[in-house]
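Trainee: Chains as they are written, first to last, in the numbering used here: chain A, 10 to 279; chain B, 4 to 318.
Hints may contain errors.
Cross-link-like lysine-lysine pairs, in silico, DSBU-like; alpha carbons within 30 Å at most [said to hold, decoys possible]:
hint, chain 1, residue 1, chain 2, residue 2
1, A, Lys115, B, Lys157
2, A, Lys115, B, Lys33
3, B, Lys148, A, Lys115
Everything labelled a hint here was simulated from the structure, so no lab data went into it.
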Amino acid sequence: MKSGLALMAHSFHRVRMLVLGMSGLLAGFQILLCLAAKTAQELNAFGQLSALIPDFLRQIMGPSVIALMSFGGVVCIGYFHIAVVGAVVGLAIAIATEVAAEIESKFVDLVLSRPLARHWLITRSIALLLGCSIFVACAMVLSTIIGLYLLAPADIIRPTLRLVRSQVLNLNALIVCWGGLTLAVASVCRRRSVAGAIAGLSALTTYFFDYIAQVWKPGAKIAWLFPFHYFNALHLLSSGELPLREIRILLGFAVGGIALAYLLYSRRDL
Amino acid sequence: MEELRTLHLDQNEIAGPAVVTRSLTKRFGKITAVSNLSLEVERGEIFGFLGLNGAGKTTTIRMLLDLLRPESGEAFILGYHCRLQGIQARALVGYLPGEMGLYGDLSGQQLLDLFAALGARQVRRDYQAQLLERLELPASDLHRKLRTYSTGMKRKLGLIQAFQSDAPLLILDEPTEGLDPLMQESFYQLLFEAQSRGCTIFMSSHVLSEVGRVCDRIGIIRKGKLVLLSPVEEIRRLAARTVRVFFETDVPTGPGPLPDGYELLETSPRAWTIRVHGPIGRLLQALAGLPVKDLSVAEPRLEEILIRYFREESP
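Bound conformation, chain B alone (with noise of 0.2 Å):
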């Protein structure tokens, strides 16, 4: 562990985001499957990207790496154009593909022999021993062909070899399809870890409840339009929680009009559910002079204000 802190990431002299797409657009045929995407993604942040499956994430991925080339709109890496600058940008970049297209008959060594020696970063034999441990990949099954793993391996070989460079940038393709509980909580690790060293890491994701864990900022793309850029922790704050008022007595009559922003849901004689969007200082006075017993406040899960945009429900 200590010796991955003292990893120290040549990070290129290029000030501003690690990420930038301006109007990033990509057809096929008569889909559009990103339409003018615009994005920064700030260094050393984790960003999340999210959408259903067909929303455009992985095509937008590609084309960072330049393997679609977009209509329209152009896409940086770390200060590097994707495509005039595509080989200074692709030196900085570590990836995992969301679906990792493999030759059965390399080992696995031999894979990550190949893609070190395809990069320009020099692998550390070291961290790559580390990484394989704590992916719990042994020695033994590194020699064995790749025709025999099962997609479990398939994706821990494929998160070594994106790790493996220390690149300054990872773009991560649904990094934990496929992985056990125990592996996910390692490939956590492993990204703050690379966080805290200075890396940024851009990675797609279905997994809402990860995202919300692991993700500073996230981006939802619905239809290859962005339909939310914002930091998680800003999303939460803005949801609406619910508020529900216990009484000690019964309490004939509703809370009356409310403020913009309440929502009255639910009453009983003894308790009213009131949804609220922002601060509830406000609901607070309109109880004074009520029964109040108790009150509880439910925070909004991460899970259902992204599925709201996920379902069109949003602007």
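So that you can see chain A by itself, here it is in the shape it has in the complex (with noise of 0.2 Å):
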């Protein structure tokens, strides 16, 4: 137990930059929503920023569109921009690829030379991911709290603490899927960038298959086995409803993922 907080230690120790840079940048990012929201509101934007809207666009989107074009939707789309979900699926591959990485140097061996179980490397990156998801989410969460504290006009209806809170989970739980699955993948590989390659490709992939998707029927019969399939911000934007059967579909890829990484990297010559 003493040797896996070590080891744990020791991560987190060597993530911190990572994470802090990250969560800086996402934290900036709300910042600067809670301003983009504020200017088009001043200069009553929304509506015309909604007529501009294609008509595919609309279809893809939904009715969930009207809600974006809000004060509450601009400074929500921190939550689920691509550039960010970009970021956080990237952190979360970047944590999990550490066991890949672990043995494409070598270190490994003096880790494992002591007296530590094997499980201890990936229980360590579960630990890792939760911590850094947990650690951005609050940076997120707190800097949309003070944007909307510092920026927000005070007539205008801002996001509830409760949409704020809904939406972090969701982003969440799509970090600690592709993480979970990136696990899987990294406890076979002797190359960080080769599962690294493999998990951002398939999560780049799935992303946009499942835009596709939605206006491509023969797409829409298997987008349902792909993760962000689950991970419909813009319908928690309109409804305001925590969409539990999709965290818990999310969650349940990355327990399978995390899961067949125990397996696997037990069995295997590291």
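Please assemble the complex out of the two chains, which come individually in their own frames, going by the hints.
Mentor: Encoded structure:
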């Protein structure tokens, strides 16, 4: 237990700059969105922006596009914008590929020559994934609250804390999901670049496939197999309800990936 | 030095050899890296594990540490099964890998602290300080990032992390690779001191002169198979010696038929060169009556003997 905790502390120490940097960027983006929403509100531009949305985009995004074209909608974009999703999934991939990086660098030889059970390397990565995703989420929520406090006009309908919390939980479920799946891939790879490339390309492909599947019927038949199908932040924005079923499915992907990672890593040659 | 001698090992209560492998076999695809390897390393000895590159030395060591899983066979460290009781086994090991995988953004001190925390045995700060002093790694270097370390400095750091927990078994994979001669000397002294405290050392090496100097027993592995397992002294004793016989006057004819184990290499009127396997007593009988002026016996060099095993000249 002591050895496992020491390994965790070491790994947290190593990723601290990455996580702090990512949190800072995402927190800054939240403030920027609050500023953008305030400006749009002052210019009374939400109606004009809605009119500019092309039909095909309306078809893809559904009625929730109306919810998006509001002060609260713009503020919440920070929890599902493609850049944010890309950044947090990238962070999950970077953390989860640590096990492959340790094999590649042969650091694992030094670590596992100590009285440490193999599962600790996977457990460590899970703890890192959860810890970092919670930290990033807290930074994002905090910056949203600060941004709203400083920048939101007094007479505007602000996004409720419940909505922000639901959005961040939804995003965190996605991070954990991709973290778990990447961990399964990394547990059989010898190189971080290979594990990262497989996970990254899979994420990118399935992200765009999910969009395509919304307008392409054959695609819709298999879209349910992929995680992004269950990340429906726009629907959450319009309904305000936490999509528990979808979150359970995303966490199910994560649990499956983690279980596979434990199994594969315990059996492999290092 | 005195403090070093006062260190006591908490020797495992389980009796028997320090390292045991039984029919250990490991394949990588179609390549058999280690084949049916069986050996025992007694407690308190310095065992040299020799072989050419790719012979299977590191693979064997990595199986002992449960980093690789054998296709068949089993291995034990101080009585503990390397796979089934891996945590107990590795708690008793200090390990230096052949290739040190280090993160460049850590400092030397952070690395030592990390491995002290990961180990089961308490690291004595005064012992660690002694190791640092004897391997000439000053505090100023310890606080530098590892990416700025030279190969030799990384090796020294590797040795310190292996020795610092004062484990009953040291597994060292080519420990002197990259060390300068002075540091090699310091390392040998550390090795002998560890042995005097009851520690067992299992080391792989390419440096044959080093093996002849420090090892009690050696095993040679060739293409994954153990081809020699013997005490160093026994190898020297059984190896052929070269005897040169010098005469006062010309001896026109050769020595005639020689007993078994004797081989005439060269003759001249006043000198013969004979290779002798075993005792040279019977040679003296054969020389009786000849005008012998002097005899010189060249002891075999361990390197020459071992190279023969490496070159597949032996069974």
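Trainee: Now tell me if each hint is right for this structure.
Mentor: Structure-based check of all given hints:
Of the supplied pair hints, the one linking lysine 115 of chain A and lysine 157 of chain B holds, its CA atoms being roughly 14 Å apart against a limit of 30 Å. Simply put, lysine 115 of chain A and lysine 33 of chain B have alpha-carbon atoms about 24 Å apart, close enough for the 30 Å limit, and the pair holds. Our distance criterion of 30 Å between C-alpha atoms is met by lysine 148 of chain B and lysine 115 of chain A, whose separation comes to about 18 Å.
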